[in-house]
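Trainee: Take a look at the letters that make up each chain.
Protein chains: 2
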Amino acid sequence: MNKHQEQHLRNSDFITDTVIGLSDGLTVPFALAAGLSGAVASNGIILTAGIAEIVAGSIAMGLGGYLAGKTEIEHYDSELKREYDEVEAVPEKEKEEIREIFAGYGLSVDSQKQIVEELAKDKDQWVDFMMKFELGLERPSLNRARNSALTIGGAYVVGGFVPLLGYFFTDLPMQGLMVSSVLTIICLFVFGYFKSRATGQPPIQGAFKVLIVGVIAAAAAFLVARFLNSAV
Amino acid sequence: MNKHQEQHLRNSDFITDTVIGLSDGLTVPFALAAGLSGAVASNGIILTAGIAEIVAGSIAMGLGGYLAGKTEIEHYDSELKREYDEVEAVPEKEKEEIREIFAGYGLSVDSQKQIVEELAKDKDQWVDFMMKFELGLERPSLNRARNSALTIGGAYVVGGFVPLLGYFFTDLPMQGLMVSSVLTIICLFVFGYFKSRATGQPPIQGAFKVLIVGVIAAAAAFLVARFLNSAV
Numbered sequence: 001m002n003k004h005q006e007q008h009l010r011n012s013d014f015i016t017d018t019v020i021g022l023s024d025g026l027t028v029p030f031a032l033a034a035g036l037s038g039a040v041a042s043n044g045i046i047l048t049a050g051i052a053e054i055v056a057g058s059i060a061m062g063l064g065g066y067l068a069g070k071t072e073i074e075h076y077d078s079e080l081k082r083e084y085d086e087v088e089a090v091p092e093k094e095k096e097e098i099r100e101i102f103a104g105y106g107l108s109v110d111s112q113k114q115i116v117e118e119l120a121k122d123k124d125q126w127v128d129f130m131m132k133f134e135l136g137l138e139r140p141s142l143n144r145a146r147n148s149a150l151t152i153g154g155a156y157v158v159g160g161f162v163p164l165l166g167y168f169f170t171d172l173p174m175q176g177l178m179v180s181s182v183l184t185i186i187c188l189f190v191f192g193y194f195k196s197r198a199t200g201q202p203p204i205q206g207a208f209k210v211l212i213v214g215v216i217a218a219a220a221a222f223l224v225a226r227f228l229n230s231a232v
Numbered sequence: 001m002n003k004h005q006e007q008h009l010r011n012s013d014f015i016t017d018t019v020i021g022l023s024d025g026l027t028v029p030f031a032l033a034a035g036l037s038g039a040v041a042s043n044g045i046i047l048t049a050g051i052a053e054i055v056a057g058s059i060a061m062g063l064g065g066y067l068a069g070k071t072e073i074e075h076y077d078s079e080l081k082r083e084y085d086e087v088e089a090v091p092e093k094e095k096e097e098i099r100e101i102f103a104g105y106g107l108s109v110d111s112q113k114q115i116v117e118e119l120a121k122d123k124d125q126w127v128d129f130m131m132k133f134e135l136g137l138e139r140p141s142l143n144r145a146r147n148s149a150l151t152i153g154g155a156y157v158v159g160g161f162v163p164l165l166g167y168f169f170t171d172l173p174m175q176g177l178m179v180s181s182v183l184t185i186i187c188l189f190v191f192g193y194f195k196s197r198a199t200g201q202p203p204i205q206g207a208f209k210v211l212i213v214g215v216i217a218a219a220a221a222f223l224v225a226r227f228l229n230s231a232v
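Protein chains in written order, with our numbering: chain A, 1 to 232; chain H, 1 to 232.
So here's chain A without its partners, still in its complex pose (with noise of 0.2 Å):
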């Protein structure tokens, strides 16, 4: 086991799929809802835009997400039989292409002939050979993608009502979103910090990187909106 994988078995595939979920969750209703509230008169409008906007933006998360991780299995497995094609049609052009990934870190052509001649002996590793170290591919899992889809997109579903509580418990959307930013902003920071220790980021400059989005995008959507209002 590497350094990589052991790093990322520290930190469980659902913990990780979920903050990313929530923190994402968070961006897109919040910035949406203080749009609208610059620009129209009732929170029952916002709850509805709201709404709307967590349900599209889970399914085009979720299973886009899942959509994309079959993509990956097919190309992979499209991959592999062409290596497993060429290895067999072209054996001395792939030999030589494994040569020139040793000859570029300096290894002796005595090396290189070694090597060629040692994978080679088994197409199965001579092809894994070449899937990792020419074409840089790792066989993905079509349960993981499945599973990461529906934690993904399912925690994108509860980081999206946060922002719109604040309009749940309010009569004006300039008080609801009063609400909803001090909410979203603790919970942007919050998810944001473990979110980047998930990932391997330092955690405080990373929360501190979701919080950013999270306002700009809001502020913009805030002042777009109202600026629209105003002009028509």
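Treat the hints as calculated values from the structure; they're not laboratory data.
Please read all numbers here as calculations on a predicted model, not as lab measurements.
Just so you know, nobody snuck in bad clues.
No copy is singled out in the list; a pair is fine if it fits within one copy or between any two copies.
DMTMM-like cross-link-like pairs, simulated, lysine to aspartate or glutamate; straight-line CA separation at most 25 Å:
hint: 1; residue 1: 81; residue 2: 94
hint: 2; residue 1: 132; residue 2: 100
hint: 3; residue 1: 81; residue 2: 92
hint: 4; residue 1: 123; residue 2: 100
Assemble chain H onto chain A, guided by the hints.
Mentor: Below, chain H without anything else, positioned relative to chain A:
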């Protein structure tokens, strides 16, 4: 140059980023507008919400993508420093890790030793090798991250305006939804086709995937918003 890089160079990064931004930009604004069409009485609110979403989504995608790219570079640099430190502090352990990689591909003990000794002669090439083949990391480019963020964010804005067009030129939300659906479905298919070609997937199949995500997200948002509206 390996096959993967060749494949990559055939498509300009700019075109790839543009079609990704366009096809993603169509999806959520389309679904949001569809959702609101089942719940509000005026096209003005749909346009305001749609534009607020486009502003929010493009900033979240563009700025978020740029900051993620910067984080990736910091991560690479910190791993690079760690590898240099480890090669200095525990060279035997690092050599063992390389031998294990090649043992996994069935190479003889002699070859493993020979590779390691030759690699370890030059510290830079040793660390380069560890970064790529042990950790699977390649140095990301900041320029590329910035250009990509700007292109995807900009294309998201352009893509997002397609579903809104229908509401500009009609009087009632349901009329807007009809025009918007026809326009967006055509564009989802066309951009999905080029997105799939640009990312090396089967284009027709990929076009249907992009189309299906967009249509399901829009239908779900429409049904949820209409249900909420009739329940309140």
